[in-house]
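Starting from the known structure of chain A, arrange chain B on it as the hints suggest.
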Amino acid sequence: MSFIGDEQFEGGNKEKRHREKRRDGSKDRRKRANAKRRERSRADRENEEFEERLVKREKGRRGRVKNDQEAKKREQEEGAGAQVKSGKTAKVKKNIKNEKRRMSEKAGEAGERTEKGKKRVESAKKETATVKHGTRDKTREERKKKRKKVFETSSEHKTSEQDSEDKENSEDKEVKPESLSPDELEKLKEAVDEKKKLIQSLRGKPWPMKKKLVTLRESQQFLEKYEGALGKGKGRKLYAYKVMMTKKWMKFQRDFENFKTACIPWEMKIKEIESHFGSSVASYFIFLRWMYGINMILFGLTFGLVMVPEALMGRPYGSIPRKTVPRAEEASAMDFAVLWDFGGYAQYSVLFYGFYSNQRAIGWLKFRMPLSYFLVGVGTVAYSYMVVIRTMARNANESGVGDDNSFNFSWKMFTSWDYLIGNPETADNKFASITTCFKEAILEEQESRKDDNIHLTRFLRVLANFLVLCCLAGSGYLIYFVVRRSQKFALDGFENHTWWERNEVNMVMSLLGMFCPMLFDVISTLENYHPRVALQWQLGRIFALFLGNLYTFIIALMDEINVKREEEKIVKFNITMWEASLYNGTVSENFTASPITIHPADVPRGPCWETMVGQEFVRLIISDTMTTYITLLIGDFLRAVLVRFLNHCWCWDLEAGFPSYSEFDVSGNVLGLIFNQGMIWMGAFYAPCLPALNVLRLHVSMYLQCWAVMCCNVPQERVFKASGSNNFYMAMLLVILFLSTLPAIYTIVTIPPSFDCGPFSGKNRMFDVIRETLESDFPAWFSKVFSYASNPGLVLPFILLMVLAIYYLQSTSKSYKEANVELKKKLQMQNEENKKKNKKAAQKALMDLEEARKVALESAGHQRNNNASFQGQEARDREMEQATRVPRPSNHMSHRTPGYLPNFPLQSEAMIRRAPSLQRH
Amino acid sequence: MVSGAIALAFLPLLLTLIIRYRYYFVLFYRAVLVRIWKDCVTGLSREERAYQYVLTHSIPGDPDSILDAFDYWCNKVEYISNIGPKKGKILDRILMEQSPLTVLELGAHCGYSTVRIARALPLGARLYSIEMDQTNAAIAEKILRLAGFDDDTVELIVNPSDEVIPRLRSDYNLERVDFVFMDHWKKCYLPDLQMLEECGLLGKGSVILADNVLFPGAPKFLRYIRKSGLYEWKIHRAMLEYSKGIRDGMAELVFQGIK
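Protein sequence lines correspond, in order, to chains A and B.
Taken in order, the first sequence gives residues 1 to 921; the numbers are from my numbering.
Taken in order, the second sequence gives residues 922 to 1180; the numbers are from my numbering.
Rather than coming from a laboratory, the hints here were simulated on the basis of the structure.
As the structure is a prediction and not an experimental result, all values here were calculated from the model.
Just so it is clear, CB atoms sit at the ideal spot from N, CA and C, and this is done for glycine as well.
Just so you know, not all the hints are guaranteed correct.
Below 27 Å or equal to it, Euclidean Cα-Cα: the simulated DSS-like pairs (lysine-lysine) are [stated by the list, open to error]:
1) A:Lys439 - B:Lys959
2) B:Lys959 - A:Lys412
3) B:Lys959 - B:Lys1165
4) A:Lys854 - B:Lys1007
5) A:Lys366 - A:Lys763
6) A:Lys271 - A:Lys412
7) B:Lys1165 - A:Lys439
8) B:Lys1141 - A:Lys439
Here chain A is said to cover these stretches of chain B; the calculated rule only asks that three of the stretch's residues, wherever they fall, bring their Cβ under 8 Å from a Cβ of chain A [what the hints assert, rightly or not]:
9) 934 to 948
10) 1138 to 1145
Okay, chain A solo, but in the shape it has when bound:
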């Protein structure tokens, strides 16, 4: 019941206790005053605690006060007009202590609130009507008695008196379950059920949101109050307990959900960004988080199964040549510049391939290091494939079978708003973009009908692509040139060249990767595509650029590998000579004993191309990361700072005009991420530290980019939803995964490992480790089975079978798709037919109705005539009566009699019934 003041909900228990005492007979006023005070203080405390909620609640209270008075007006015949105001002021005064802030706000909203109050009264009336019935009679008597007493004894001034009276009313209105008759209980139960129903159906009601909220809150409070009151004696307690427990359980579930959301890393951050920048920017961050997860697993694999075992159980640093810094480099091995280039001590550590020894088993666990190294290398790639493909499949399922082409305008009409936007500026932009989108779509539609300007757009698109191709070719040539030059430098020896020349390749690659997308972006304005399509084109172009750059780099690396292998041959020859000289010890030179102990740092060694490849990749990653961060700081942050603070003293508006703030570049960032991942996949085999580095990088860039986006970017001017592009990213990731595993696999399979470094040293090929393990660690039958299984005669049919299966699945899926399209068409046709039929039926019904009305009118006229021709005085009286009554019954009759309305009710019913069933198909 909405008569009860809010304080009573808050101070529920205490209040109840007091009430019981009172009921027992000791109706002490002072106690009641105490209780009131306590309630009040408690209410105040609560107020302070839940400020936000209380603003609303305050409104509710006000509404309720009004309610109260309205009810009183209805029930009592006393002059309540004066009380309305006084009651209100009393309430306000009561809260004045801790709600000064809100008071001002209230004053502003007073008008609005009174309206709301009225509405609420109306709704409350409906709700409370049923219950009131049962309890009203009883409570009214009691109340009267009490009021008498109050009037007699009260010495307080008028407002507080009114206040207490209000409370009195509300207290008395409370239902005491024990005192209710079964009949009333039944009614209460009904009311409770009704409320439950109301809460359930509230969502579908065509009410304004405010009303819904108010109704919901009120009915929930009602339920809270009275659900426990049902039942009798023990049953009642049990019931109350049950209700309480379910409520607690639900609350716990909700809290648990919240907790789960809080456990998802960066969820709140991403949500905030989403609210400011729309879902396309958020999709980047979600992708970044997903990538982070994958890299965590890759990192776990390499770290747990390769790096840690080698560091803990393998031979320590300095024990064998491959684990020692050579004598020539020892002096500078700890220099920061060398370490930064991942030379020196960093090169001769678990971070790189060359450090691992080729012992078959290490430590007391007999850990098979080379096998583990190989399997981890294969496993990371396999895992990545699996995850990417699985995610793609899931995304494909989610995206469903929406065809964007058939209902262009209705799609735009009903689905263009991004409901995740919570920032007014973004909302403005979105609004503007929707309107422009509509304009453009209308224009497009017109143009497609006119078909005159299409040649120009086509020409422009071709031109744009041509320009982009030129740009790509230029950048490719530049990289090729730089790589060739760096090889020349390498032949000369790097020491003779400056830092710029030494880092030329990385610098040029990073710079091109940074600036070319900008140029593409500018060029793509020529094409005049929809932003979503434009984004995909942009992505494709940057993809091509990056891919070109990466492959140029790899080709250069291959050249270098070949050079190193030549070098290795020479070194190998020299070493045999050297060893021979050591052991033979030409008589003239020295007289050392035969088992010579040479410090491992002095032993000559091969160039170890694997470590070189790993180092290159690590350097590339580092320089890429640095470029990204520096671009972020200069291009975004510094620009934002300049724009923000120079704007006061500049001759044009920097914020709206020339430099302005930057927008977040979704496509570039996504591609950067993807290519970064590709490099990780490519290089992780030769540098086990790469996943760790990448995790670090992703972690930092998550925070840095979140900050940068929120701090120095503005929402895109053309905000659009990123609905379809997620799978596009995934597809690109898959392509990159394939393209990056290709060179890695090529090197593993074709190039023999170096003879004196890495876990596979001494073997002919790296995958020989599998055969070795099969031979020595597994029983003989197993290797036999394996050799049979790997027989081409078995493998080829198996592959054939797989291909056939894939073909079959693909063709079935195609046929399903076709069937889907057919069904859709059918559905549409049926709908149209239905509409036509319905229209026809409605027209017919309308005509019939009109006819019937005519007939009815005629019959009424007839009747009147008959009546008139009846008889005498009495008849005239009756006639008067009938004349007033005539139209209604005759109409009524016409509905029922089939003679008047041929077919109408039957047909319409059938139509109505048929329509939804058809739609459901």
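Just chain B, lined up with the frame of chain A:
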């Protein structure tokens, strides 16, 4: 020594900047370089040159032809930041809708917008046009006379706007201004608006139209009208006058008074 290849890698950036901001470069060329060149060559000021052109290429007494001549000159010959034909249409429409009786124009420059406003005014309306610069005001006066508007319709006040506005009530017996058009110094938009508020010249329903609020831009002005709550406002987005690619806007404020 930075290697040439690295320098070449900056080429795309350079190209991007040139392509993206080409309109600004063009504007810079037309509004600054050409102006300085012509000033040196002819010895006349830009406004005088414009006036000469208009005088020889338009029909006296016909505001439309004067405006056309102006537009042609600003488009093809040189550049003067008048309101331009496209944004002028918005101005015309607002004037037609409101049909104000008292109009205040801040910044007449060489009279283009004054003619444009005076042309659209209803019978019996009066336009007060404020221009700070003496020579510009002289040219504006000549243009006005050429267009056939007399002192009863247009009153040209040669003074800075911040001096004139406080005296409008006393000197010109203005009770209320129905329409204000701002096209003078962008920095003065805000102080002048506040001054208008203080003097009580704005009544409920008075319309204020401010040109060039996005480029060159009046950020403080926009911030103020967003915050103040005295106005219902919207921005008509358009292109900068006589230029294709630079976005600009006019702010239309409707004074609501204190609610």
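Check: Is Lys1165 of chain B close enough to Lys439 of chain A, meaning Cα to Cα at most 27 Å?
Finding: The given pair, whose Cα atoms are some 20 Å apart, holds under the 27 Å limit.
Margin query: Against the 27 Å threshold, does the CA-CA distance of Lys854 of chain A and Lys1007 of chain B hold or violate the hint?
Written below: With Cα atoms ~61 Å apart, Lys854 of chain A and Lys1007 of chain B exceed 27 Å; violated.
Note to self: Next pair to validate is Lys959 of chain B with Lys1165 of chain B; report whether the Cα-Cα distance is within 27 Å.
What the structure shows: holds (23 Å)
Checklist line | Pairwise hint evaluation, Lys412 of chain A against Lys271 of chain A, where the allowed Cα distance is 27 Å at most | finding: holds (24 Å)
Notebook entry, point to check: Does the alpha-carbon distance linking Lys366 of chain A and Lys763 of chain A stay inside the 27 Å limit?
Noted result: Holds: Lys366 of chain A and Lys763 of chain A sit about 20 Å apart, inside 27 Å.
Next item on the list: Take the stretch 934 to 948 of chain B, compare each residue's beta carbon with every beta carbon of chain A, and decide whether three or more fall closer than 8 Å.
Entry: holds (count 7)
Note to self: What's the verdict on Lys959 of chain B and Lys412 of chain A, does the C-alpha distance respect the 27 Å limit or exceed it?
What the structure shows: Distance of about 52 Å is beyond 27 Å: violated.
Next item on the list: For the pair we were handed, Lys1141 of chain B and Lys439 of chain A, check the Cα-Cα distance against 27 Å.
Entry: violated (31 Å)
Item checked: Coverage of the stretch 1138 to 1145 of chain B by chain A (three or more Cβ within 8 Å) -> holds (count 3)
Item checked: Distance restraint between Lys439 of chain A and Lys959 of chain B, which requires alpha-carbon spacing of 27 Å or less -> Judged against 27 Å, a Cα distance of about 43 Å means the pair is violated.
Going down the numbered hints, you'll see the structure goes against 1, 2, 4, 8, while the others check out.
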